[in-house]
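Chemist: Spelled out from the first residue to the last, the chains are:
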Amino acid sequence: MEVPVSSAEVTIAINTIWVLVTAFLVFFMQPGFALLEAGLTRAKNVGNILMKNLMDFCMSSLGYWAVGFALMYGVGNFFWGRSYFFLQNIPGETSGVSTLAFWFFQLVFAGVAATIVSGAMAERTRFRTYLIYSLVISAVIYPIVGHWVWGNGWLGDLGFLDFAGSTVVHSIGGWAGLIGVIILGPRLGKYNGNGTINAIPGHSLPMAMLGMFILWFGWFGFNPGSTLSGMETGLIAKVAVNTNLAAAAGAIVAMVIAWLRIGKPDIGLTMNGALAGLVAITAPCAFVSPLSAIIIGAIGGVVVVYGVSFLDRVRVDDPVGAVPVHAFSGVWGTLAVGLFHETGGLFYGGGWGQLGVQALGVVAVFAWTVLTTGILFIILKYTIGLRVSQEEERIGLDYGEHAVNSYPDFGDLSVG
Amino acid sequence: MEVPVSSAEVTIAINTIWVLVTAFLVFFMQPGFALLEAGLTRAKNVGNILMKNLMDFCMSSLGYWAVGFALMYGVGNFFWGRSYFFLQNIPGETSGVSTLAFWFFQLVFAGVAATIVSGAMAERTRFRTYLIYSLVISAVIYPIVGHWVWGNGWLGDLGFLDFAGSTVVHSIGGWAGLIGVIILGPRLGKYNGNGTINAIPGHSLPMAMLGMFILWFGWFGFNPGSTLSGMETGLIAKVAVNTNLAAAAGAIVAMVIAWLRIGKPDIGLTMNGALAGLVAITAPCAFVSPLSAIIIGAIGGVVVVYGVSFLDRVRVDDPVGAVPVHAFSGVWGTLAVGLFHETGGLFYGGGWGQLGVQALGVVAVFAWTVLTTGILFIILKYTIGLRVSQEEERIGLDYGEHAVNSYPDFGDLSVG
Amino acid sequence: MEVPVSSAEVTIAINTIWVLVTAFLVFFMQPGFALLEAGLTRAKNVGNILMKNLMDFCMSSLGYWAVGFALMYGVGNFFWGRSYFFLQNIPGETSGVSTLAFWFFQLVFAGVAATIVSGAMAERTRFRTYLIYSLVISAVIYPIVGHWVWGNGWLGDLGFLDFAGSTVVHSIGGWAGLIGVIILGPRLGKYNGNGTINAIPGHSLPMAMLGMFILWFGWFGFNPGSTLSGMETGLIAKVAVNTNLAAAAGAIVAMVIAWLRIGKPDIGLTMNGALAGLVAITAPCAFVSPLSAIIIGAIGGVVVVYGVSFLDRVRVDDPVGAVPVHAFSGVWGTLAVGLFHETGGLFYGGGWGQLGVQALGVVAVFAWTVLTTGILFIILKYTIGLRVSQEEERIGLDYGEHAVNSYPDFGDLSVG
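Protein chains in written order, with the numbering used here: chain P, 177 to 592; chain W, 177 to 592; chain Z, 177 to 592.
Think of the hints as simulated: they come from the structure by calculation, not from any bench.
You may find that some hints are simply not true.
The list makes no distinction among identical chains, and a pair is therefore deemed to hold if it is satisfied within one copy or across any two copies.
Unchecked claim - Straight-line distance between alpha carbons at most 30 Å, and here's what the computed DSS-like set of lysine-lysine pairs gives:
| id | residue 1 | residue 2 |
| --- | --- | --- |
| 1 | K366 | K440 |
| 2 | K557 | K440 |
| 3 | K366 | K557 |
Use the sequences and the hints to build the structure in full.
Modeler: Printed below as a string of structure tokens:
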């Protein structure tokens, strides 16, 4: 204790603690997603969706250890990395923290990208198929985009800015979900031949609400932790404040718009408004003022309400609203960097340049994700099958896939 | 990495990380309150109470950004602050941390003060009215008391000690709830004409229990974080230990007293005993020994059991016990500083002085809160209305206010 | 702020923050256990099991303050400590952190050891009896083993390695549960006279899943926090990564084996596979490579699936699988240190020495726990009684012990 510690030792300790503690919070988003998705689906499918959420993180953990990290942060070219497979030959430190701490922080992000998909495709996707595509997304599709933006790839090189992943993490999950839903088709009974739509309410609003709160909590790891440094105190604090204000504004605006449109303050849309605010601020949180964060979050709340309506109009059946929240609001947040960036944004005299690069990144990631997950889902559809049988969908995936009743003391909820 | 970092840089980094991480824990108390209140109310009102809990934090976030922080910590007089509206012209640092981090820590406290009220007034308060008064409490009523005690105001100047807010945060919420309940009146069917009382049990004990545990967890942010410094390690550790011991003692004593009085170890009273211990230790946690913390928490457990009985006897219908937990036990904890303070308390030879100042603070905050929230609730009652219609109360606020069934797969729980 | 801070001050601040934040996460494992156990038992017993989980931590808090810490870390002999009762005369610092912070970290570990037992003995143990034995385990039985290994006792002196407590914490809880279950006997209706077994499914799979996720989250406090130092960044990061990989591998392998054996990916066994991986890696997490962590966790997944089957075959009725997860997998993890230790393990050329010491520790702790808890349970059985009446077991412990219906709005679930 009497030996003086060096500046470098202190700095790396502070950074590593910061990165690990925030990574733990991001890990905790896994039950957040699990509860949100379970709450917004039917009781007969709740065990299945929870199991998918658990297993996608397990598959991501091994896939990102074996392959994903190498593709994302390995030394390579502008498009992918090629070293550090199986965590071999990694340096002792990366970005001022222990590399294993850096790896863990990146893993929990990969886990978020993977888990978003399960919500959009809920209540009719085969379990074994889900295991495969969650592994491919977290081990290959996501890490390559990550390399482009955060791993010395071509998008980062062009000046594309996505601080914590509106595009890199959220929109990948959202677009993958969109393609999956289109290829899967809607749930049985969702859309009628005469053009009307049946609401299929989730089985537990409190469960969904707890999931939403856990996600908000976890986002304080997701965004502030993305400084990767505990020493940049002003930046960390600003990111935390912007994250919270955007969530609050998103929830309030989504509630108000829903109230005006349907006459009631809808709870589901309000929750998704908070999440849309969080997704929107994820890219710009480090670059904008608190007032801009409120505006960005508020517009996220608008995006999600109209996004949900739009998807229903075009008969894309996304049971939890994953596509509006993660894809549409992710696009908005990424573009918002080009508008509100305090030194380079259009509204701050920075001209159209940043906005253009942001739009390019949005389009490139959209194209990559749609192409790769589209091919993946089509291959899976025509090999092991993407969707459960109609019979299984009717009785519920809990019984069909896992031979379980998630709530046995509450009677037979499996035919809902 | 080779550039030496200064003592000041290291200190501010350690402090800011500490303040932000503990603030995240305090944020997490929001779902704690939400689940506690939802679990202790009926299934037909659960969506409504969750939505109130979500929205009061959203309203607090914007209100504390615009007005609350300025009134509480702005440069001003002994009664309120007058600068920093909309976070304009804030200094880079406050109390040794980045000011935005300080702001966020203070915001999550304002959010706690606001959210306590929803529990006391649950199951019959109009949603739109709730939005307004939660905004006023978090943006005006709470910050002014906060200024008195923590913002260079008159109570702090007199030597009033409230380390983390037994009075400043909890008793404000509790007193506001008490006045609200008195003005609202009891729930339909709670008290009979012949003097008997109908128990109206909450719909999910596990949900309430999870809420209680989350609150206990969040309290490790609330009290230890109130050091605002990560460098005062002895103090931080003492506060954490005292917080935990008081909670444990409160739960045990409440259980034992309930057991003696009603013949069974009542689960609801035991949970409220833990919370009462936590509220009681909030003011004195930094000033007392672990043994004193156990005594203070234990007496909190006594206070809550008799407080619940007392309210029922005078027909004040507080469905979750918010008034005994936050107001009565908050008063006890605040007075306990005057008794157990290790250097200035009555039991430690410090005389009656500190106790007198503590009593003055308790009375002043009681008077301020009762007056301001009383006026607020009466105005709201005679303008947009404080209470839902009898018809709506019968079918439940979920359907009446939000057109939702929170548990659709479990049958129609809306007429309970 | 201009006064330079010393290396010692900075180091102790970093260490104390690390130890406290990770201790908060370990505290949060209490609701994790509570929800896991409640979800895996029937609705008619859910309030009782939650109350047991709450009260064992409360009893542990006071018991570890009064006696436990003194026995475990007091100055004494090779078998127990004899100073620091009631936290009297403690030094200012222990292991480079404030002693009160160190105490709190140790307390939450004691709380875990105590709470494991409630799951194994669920649905038929008397509440008042539970209060007594949870106090004895956390205040006496656990601390003495803790002294042997971590408190300058004989096992640590022999070179026994258990980094975060596969044996010290988990196997004690598991063995105590096993002895308790044997003395208690199976639940009514579990085993039929004709040799068949009735599955008694838990009442809420989502509740159990949330509990499992919270435990995984809390384990990031449990294992990485056991460095007791925030300065050893490489070690901390390695421990975090190993912890996560072992959990993922345990879940995947348990799922696959269950799938092969029973034809379906069983959700309960998969959850227990994750927990078994976590328990297994708890002893070796600081000493092994990430690849070894995957192997250790995977074998934990095997252990739990066969362990559950084995117990059913010998008619030991452990409703939540606490014995296979905490005892069997704890033994495996402790032995794994002797195999995979990067400098002293058998597979790394270290010979049989470490493995022998590990086996000795496993046997010694087994013998101690079986003996002491066996005597304790038998005394309790023949004095105040260990088991509720058959009538009470049939109607449920919620009504019988606490006069409560945990889900009153969902009808009468008390006869299940």
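Chemist: Take the hints in turn and mark each one as holding or not.
Modeler: Each hint tested on the structure:
1. Proximity of K366 and K440 under a CA criterion of 30 Å is satisfied in both settings, with 23 Å inside one chain copy and 28 Å between copies.
2. Proximity of K557 to K440 under the C-alpha cut-off of 30 Å is restricted to the inter-copy arrangement: shortest distance 21 Å between copies versus 40 Å within a copy.
3. In the homo-oligomer, the alpha carbons of K366 and K557 lie at most 30 Å apart inside one protomer (21 Å), although the nearest pairing across protomers, at 43 Å, exceeds that limit.
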